[in-house]
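Model the full structure from these sequences, guided by the hints.
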Amino acid sequence: MRTIDTHFITQVIGLLDLPSNAKISLSQFEGIAAFSERYFFNIFTRQDSMEPQLQKEILEKLDFSSLKWKLVGINISSSLRQILRLI
Numbered sequence: 001m002r003t004i005d006t007h008f009i010t011q012v013i014g015l016l017d018l019p020s021n022a023k024i025s026l027s028q029f030e031g032i033a034a035f036s037e038r039y040f041f042n043i044f045t046r047q048d049s050m051e052p053q054l055q056k057e058i059l060e061k062l063d064f065s066s067l068k069w070k071l072v073g074i075n076i077s078s079s080l081r082q083i084l085r086l087i
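Its first residue numbered 1, the sequence shown is counted upward by one per residue in this note's numbering.
The set of hints was computed from the structure by calculation and includes no laboratory data.
In this text, a Cβ means the ideal position worked out from N, Cα and C, and glycines have one as well.
It is possible that some hints are incorrect.
[Said to hold, decoys possible] Here are the in silico distance ranges between beta carbons for each label pair: (1) L71 / I13: 18 to 24 Å; (2) E57 / K23: 32 to 38 Å; (3) L86 / F44: 17 to 23 Å; (4) E51 / S25: 37 to 43 Å; (5) E30 / T6: 21 to 27 Å; (6) R81 / D5: 23 to 29 Å; (7) S27 / E51: 32 to 38 Å; (8) R81 / N21: 20 to 26 Å; (9) W69 / V12: 21 to 27 Å; (10) D5 / K70: 25 to 31 Å; (11) T45 / N75: 28 to 34 Å; (12) K23 / T45: 29 to 35 Å; (13) T10 / K68: 26 to 32 Å; (14) S66 / T45: 21 to 27 Å.
Structure (structure tokens):
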């Protein structure tokens with residue numbers, strides 16, 4: 001089983017365009033955690049070992065529904081906002 005290591009954390013930090021010394025709020029942490037969960041799920045389940053429909057159902061449960069509404073009032077970079085729209 002693969003695990004999340006420094007390499008994967010560095011990828012997330014790069015994707016989210018976060019400075020390495022950035023201080024984040026609780027709501028930002030929640031967003032980063034939700035993104036990371038979805039991102040790592042996608043990486044770790046790339047094998048054909050899972051039925052496509054099951055993968056879709058699991059992703060839907062990761063709760064990216066109503067994302068536009070959830071981001072109202074949240075100050076995030078435009079690149080992060082675009083990434084979230086893509087997933």
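Each hint, compared with the structure:
The beta-carbon spacing between L71 and I13, approximately 20 Å, falls within the hinted interval of 18 to 24 Å. Range check, E57 to K23: about 36 Å between beta-carbon atoms, so the 32 to 38 Å window is met. Between L86 and F44 the CB atoms are about 19 Å apart, so this pair conforms to the stated range of 17 to 23 Å. The hint said 37 to 43 Å for the Cβ distance between E51 and S25, and at roughly 38 Å that hint holds.
Our hint of 21 to 27 Å for E30 and T6 holds, since their Cβ atoms are close to 22 Å apart. Between R81 and D5 the beta carbon distance is about 27 Å. The supplied range of 23 to 29 Å therefore holds. Taking 32 to 38 Å as the suggested C-beta distance range, the pair S27 and E51 conforms, at roughly 35 Å. Evaluation of the 20 to 26 Å hint for R81 and N21 yields a pass: the beta carbon distance comes to about 22 Å.
As the Cβ distance of W69 to V12 is approximately 24 Å, the hint placing it in 21 to 27 Å holds. Checked against the hint of 25 to 31 Å, the pair D5 and K70 passes, with Cβ atoms roughly 29 Å apart. The beta-carbon spacing between T45 and N75, approximately 32 Å, falls within the hinted interval of 28 to 34 Å. Remark: the range hint 29 to 35 Å for K23 to T45 is upheld by a beta-carbon distance near 32 Å.
T10 and K68 have their C-beta atoms about 28 Å apart, which keeps the hinted 26 to 32 Å range intact. Between S66 and T45 the C-beta distance comes to about 24 Å, which sits within the given range of 21 to 27 Å.
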